[in-house]
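Going line by line, the protein sequences match chains W and F. All residue numbers for the first sequence refer to this note's numbering, where the first residue is 1 and numbers rise by one. All residue numbers for the second sequence refer to this note's numbering, where the first residue is 1 and numbers rise by one.
Keep in mind the hints are simulated off the structure, nothing from the lab. Cβ coordinates follow ideal geometry from the N, Cα and C atoms, glycine included. Check each hint, because a few of them may be wrong.
Unchecked claim - Covered by chain W, per the in silico footprint, the following chain F stretches (three or more residues, Cβ under 8 Å):
no. : stretch
1   : 76-82
2   : 125-131
What the hints assert, rightly or not - Calculated Cβ distances over 10 Å to all of chain W for the following chain F residues:
no. : residue
3   : Glu49
4   : His140
5   : Arg315
6   : Thr457
7   : Asp611
8   : Gly709
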Amino acid sequence: MTTQAAPEAEAPVLSEPQRLGVKLFLQDQEMFDRDRMIELFHRWIQEDRLPGTLIDVHDYTHVPGGPGVLLVAHEWHLRTDEAGGRIGLEYELKREGTGTVAERLRGAVLSLLEAGAALEQDTSENNPVRLGVGEMIFRFSDRLAVPATDAAFDEITNELENLFSDIYGDTQFEFERVGHERGPLTIHAKGLGDGDWTVEGLVSGARPSAG
Amino acid sequence: MTTNGNAEVPEPHQWKDRLGSLLGGKLSREIDAFEGQIEQKREGKLSDEVFAEMRLRRGVYGQRYDNGQRHDGLSSRELDFPNAELTKGPGTLWDAPGMVRIKNPFGAMTADQMDVLADVGEEYADSILHVTTRQDIQLHFVHLEETPDLMRRLGAAGITTHEACGNVVRNVTACHLSGVCTTQTFDVTPYATAVSDFLLGHPDAQEFGRKVKPAFSGCADRPCGLVKMHDIGGIARVREVDGVQRRGFEFYVGGGLGAVPHQAALFDEFVPEEELLPLCQSISRVFAKLGEKDVRSRARLKFLVAKLGIEEFRRLVLEDREGLAHDPRWTAFLDDVHKGNDGPLWQIEGGNSFEASPEMEAWLGANVSSQRQTGYKVVMVYLPLGDITSDQTRGLADVARRFTGDTVRMTVEQNMALRWVRESDLPEVYQALVELDLADARAESITDITACPGTDTCKLGISSSRGLARTLMDHLDESNQELDEVIRGLRIKISGCFNSCGQHHMADIGFWGVSRKRNGYNVPHFQIVLGGQWSENAGSYGLAIVAVPGRNIPAATDRIIQHYVDQREGDEGFQDFIARVGKPAFRTLLQDLVEVPTYEEDRSFYSNWGDPREFTLGDMGIGECAGQVVSPVEFGLQASEREVFEAQDRLDQGDSSGAADIAYRAMLIAARTLAREKQSGLGEDPEEVVDAFKTHLFDTGLFHDPYAGAKFGTYLFRVHGEGKNGFEATPERARQRIEEAQLFIEAAHSYHVRTAEVLPV
Chain W
1 MTTQAAPEAE
11 APVLSEPQRL
21 GVKLFLQDQE
31 MFDRDRMIEL
41 FHRWIQEDRL
51 PGTLIDVHDY
61 THVPGGPGVL
71 LVAHEWHLRT
81 DEAGGRIGLE
91 YELKREGTGT
101 VAERLRGAVL
111 SLLEAGAALE
121 QDTSENNPVR
131 LGVGEMIFRF
141 SDRLAVPATD
151 AAFDEITNEL
161 ENLFSDIYGD
171 TQFEFERVGH
181 ERGPLTIHAK
191 GLGDGDWTVE
201 GLVSGARPSA
211 G
Chain F
1 MTTNGNAEVP
11 EPHQWKDRLG
21 SLLGGKLSRE
31 IDAFEGQIEQ
41 KREGKLSDEV
51 FAEMRLRRGV
61 YGQRYDNGQR
71 HDGLSSRELD
81 FPNAELTKGP
91 GTLWDAPGMV
101 RIKNPFGAMT
111 ADQMDVLADV
121 GEEYADSILH
131 VTTRQDIQLH
141 FVHLEETPDL
151 MRRLGAAGIT
161 THEACGNVVR
171 NVTACHLSGV
181 CTTQTFDVTP
191 YATAVSDFLL
201 GHPDAQEFGR
211 KVKPAFSGCA
221 DRPCGLVKMH
231 DIGGIARVRE
241 VDGVQRRGFE
251 FYVGGGLGAV
261 PHQAALFDEF
271 VPEEELLPLC
281 QSISRVFAKL
291 GEKDVRSRAR
301 LKFLVAKLGI
311 EEFRRLVLED
321 REGLAHDPRW
331 TAFLDDVHKG
341 NDGPLWQIEG
351 GNSFEASPEM
361 EAWLGANVSS
371 QRQTGYKVVM
381 VYLPLGDITS
391 DQTRGLADVA
401 RRFTGDTVRM
411 TVEQNMALRW
421 VRESDLPEVY
431 QALVELDLAD
441 ARAESITDIT
451 ACPGTDTCKL
461 GISSSRGLAR
471 TLMDHLDESN
481 QELDEVIRGL
491 RIKISGCFNS
501 CGQHHMADIG
511 FWGVSRKRNG
521 YNVPHFQIVL
531 GGQWSENAGS
541 YGLAIVAVPG
551 RNIPAATDRI
561 IQHYVDQREG
571 DEGFQDFIAR
581 VGKPAFRTLL
591 QDLVEVPTYE
601 EDRSFYSNWG
611 DPREFTLGDM
621 GIGECAGQVV
631 SPVEFGLQAS
641 EREVFEAQDR
651 LDQGDSSGAA
661 DIAYRAMLIA
671 ARTLAREKQS
681 GLGEDPEEVV
691 DAFKTHLFDT
701 GLFHDPYAGA
711 KFGTYLFRVH
721 GEGKNGFEAT
731 PERARQRIEE
741 AQLFIEAAHS
751 YHVRTAEVLP
761 V
């Protein structure tokens with residue numbers, strides 16, 4: 001069998017990922033209106049609502065467990081991801097990333113929170129979309145930089161603990177490796193305890209100056 | 001880290017270093033060279049045209065909006081890419097995401113290959129693998145600079161993008177059932193493999209004016225191979241020669257879809273298996289030597305065969321064959337030809353009894369068929385619009401490993417087939433597919449709709465083929481339980497423009513995207529094509545009935561199928577029904593659906609399905625569907641040809657007046673296409689178009705034929721005058737006008753050849 005995954009390693013194996021995804025889940029999965037997202041993302045392009053070179057909207061809602069509605073930018077993709085049967089908002093850095101591993105993680109989380117805040121704000125008047133912020137999924141499709149290994153998992157979770165202490169304060173998180181055994185390193189981060197966080201409220205904590 | 005003796009050695013941090021030993025020297029060098037060409041282009045050392053051809057031959061395409069322009073629904077805007085001055089082809093920006101096409105001969109993939117495809121789809125694209133109607137895989141939104149690593153990772157798994165595009169021999173397709181089919185003459189898989197391997201990079205197959213698409217089929221009746229719509233193709237035959245059963249092929253040439261579809265011509269009723277490769281080589285040589293090079297719209301093999309006639313073409317090919325130097329590869333593959341490509345993982349043991357839920361019963365009925373080998377089944381995995389996620393692909397690879405001989409084949413209907421599944425394993429396979437959301441019971445049915453990428457990603461898309469397909473699937477799902485059984489087996493296929501990538505000509509009900517000016521706005525429409533024949537290897541093509549606004553296509557579809565249910569006689573098939581009832585009756589049936597409400601009454605008519613932006617043609621770009629770029633002139637002339645085709649159909653239906661009108665429209669399209677080069681912003685008003693044509697092309701003598709002089713140009717003026725002075729469209733006069741339109745368009749092509757700057761490729 002051909003395998004392109006990096007072998008298990010004991011020493012630090014991370015380098016700066018060019019591609020990494022972060023996802024928040026929708027609070028109300030049943031009421032989600034996919035067609036509305038198509039209109040909303042097109043409007044975001046008209047209004048330059050998010051930073052970056054926004055290119056187009058792509059509809060994958062016909063694919064079960066797929067990327068849903070995809071907003072394509074030069075630097076990133078934003079999608080109403082339906083992987084695992086749970087709809088969420090996923091930001092994926094695709095290129096032009098800068099800084100250390102920690103800085104890229106922070107940048108991706110901040111970008112997701114800012115997009116999430118925009119989503120909540122722009123849907124607030126009718127059937128508002130609300131994102132749960134007590135858990136996140138991290139996915140590292142850049143296998144060269146972040147191999148799907150236990151060692152990489154340990155290093156990433158260390159970085160995430162530091163990042164989350166800036167964003168969530170003293171709240172403890174548990175980290176679980178999820179996804180297919182041959183898939184990219186995918187980590188489910190879940191806060192222990194009930195925080196009264198909001199997307200908008202977490203944005204400031206994710207900004208570099210706060211860290 | 002790895003260890004080397006006592007020292008720890010870091011894992012290489014480049015795919016090139018990590019995979020080097022798995023790639024093989026030749027492939028590794030080729031990809032390195034391509035990477036070098038990318039760098040040369042970045043440094044300005046290669047022209048746009050030369051580099052475009054280089055990347056296209058590596059399967060690296062452009063994609064919609066890669067000219068840096070996009071209409072956002074309010075206005076056309078520039079996309080602010082970082083390297084705004086850097087290009088990767090004519091009018092194609094460096095940073096714009098593009099498409100990569102991956103070749104999979106006869107659609108076959110191993111489980112390991114599926115894993116790698118899943119990985120690269122996730123990392124470099126949008127986590128979707130798109131299966132095409134020619135058994136390729138396409139990845140979208142890929143950045144140029146990431147393509148060498150993508151190729152290395154594919155190459156290490158035995159997959160190539162080489163010659164997935166460009167004016168070369170494209171992917172060799174074949175029935176996905178080859179080897180297990182109940183009606184096959186023999187398994188064509190090893191022959192498709194041999195042709196694919198032999199012609200890949202072959203020196204005699206590098207100088208074509210356009211692409212060549214080959215196909216093979218194991219039998220004549222079933223459509224899986226679609227031989228008759230391909231440039232070259234073989235249908236398996238066995239013939240007794242000197243008392244010995246010999247294998248060979250009923251061999252066809254010159255088929256193709258595109259703007260003007262051609263049925264392939266029979267080259268030979270029986271080409272012996274040992275002659276297959278030399279014949280393909282000689283056809284390549286004759287095509288390379290005599291095929292049109294400068295005018296893309298006349299450069300496919302079908303035009304050469306039509307121009308020479310099949311007798312002369314055959315003579316030239318056989319003459320070339322006589323002079324070919326012997327190549328041991330012609331017959332080397334025959335040593336292994338009877339081994340077959342794959343086989344069962346498990347032997348049959350015991351009985352096959354199991355209980356199935358109603359859902360599984362439906363799946364068994366729709367998606368599972370018997371193999372010729374007793375006890376084994378083919379499980380069709382339905383992919384909506386040919387799309388599958390990276391996660392699903394990994395899961396399906398697991399299913400293939402666990403239950404089959406490790407081979408999955410993609411189909412021309414954009415699905416995936418699992419072969420060699422034991423009947424007794426069906427409940428577990430079903431459950432595994434349910435968990436992957438891949439057990440939808442609709443394979444090869446009316447709701448298993450084929451669509452090209454259309455306006456989603458294609459630069460040539462006019463209407464949203466995928467948007468319409470999604471809408472129609474949902475629409476038909478709502479009434480699926482009530483659908484008559486004869487309706488469920490029909491096929492719907494959709495193309496975003498006349499180029500037929502969605503294979504609309506062969507569908508029972510086909511659609512292709514057009515634009516119509518209504519109430520001062522451009523309105524997305526679809527031409528409805530009825531009567532195509534999917535069976536018998538795409539035995540005949542349908543013809544356009546009428547253009548209907550996209551918003552009314554679901555209603556039009558309902559009417560067509562209900563008319564069939566109500567009016568069919570006995571067991572009459574759909575194609576026979578269309579022939580009996582006649583296309584004019586369908587035009588009458590749909591006439592009121594042609595109307596477009598005003599913008600104020602219903603704005604939805606002025607948008608594509610699934611796209612809230614107001615419809616515009618401004619987003620169309622320069623196409624790259626073959627090696628060289630498609631100029632707006634060629635695109636326009638193709639459109640005019642399509643109109644002539646429709647005019648002929650109208651005449652065949654007895655509608656002389658309609659035929660004459662459409663022929664006139666065809667001439668106007670051609671005239672406007674040329675005149676617009678001289679007068680930008682030229683509108684569609686016939687008076688303006690004819691004036692501009694006269695001023696810029698006729699009075700200047702530019703349009704005059706070197707031999708016939710002004711003759712063809714005067715056709716336009718006369719026909720235009722007839723329109724103003726009243727024209728009695730008798731069948732004879734309508735036929736004459738169609739012929740004049742054809743000659744006028746031919747003259748337009750000739751003018752284009754004379755004046756077009758030939759790209760220095």
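Cut-off 8 Å, C-beta pairs, minimum 3 residues; does the coverage of the stretch 76-82 of chain F by chain W stand? Since 4 is at least three, the answer is holds.
Beyond 10 Å from each Cβ of chain W, as asserted for F:Asp611: violated, 8 Å
Examine each Cβ of chain W, and state whether all of them lie more than 10 Å from the Cβ of F:His140. Violated, because the least Cβ-Cβ distance between F:His140 and chain W comes to about 8 Å, which does not exceed 10 Å.
Closest CB-CB distance from F:Arg315 to chain W, is it above 10 Å? holds, 48 Å
Do three or more residues of the stretch 125-131 of chain F come closer than 8 Å to chain W, measuring C-beta to C-beta? That given contact holds, which follows from 3 residues of the stretch 125-131 of chain F lying within Cβ reach (below 8 Å) of chain W.
Quick one: work out the minimum CB distance from F:Gly709 to chain W and report holds if it exceeds 10 Å, violated otherwise. Holds, since 49 Å exceeds 10 Å.
Just double-check F:Glu49 for me: nearest Cβ-Cβ distance to chain W has to come out over 10 Å. The assertion about F:Glu49 holds, with a minimum of 25 Å to chain W.
Please settle this one: F:Thr457 was flagged as non-interface, so is its CB more than 10 Å from every CB on chain W? The assertion about F:Thr457 is violated, with a minimum of 8 Å to chain W.
Checked against the numbered hints above, the structure breaks hints 4, 6, 7 and satisfies the rest.
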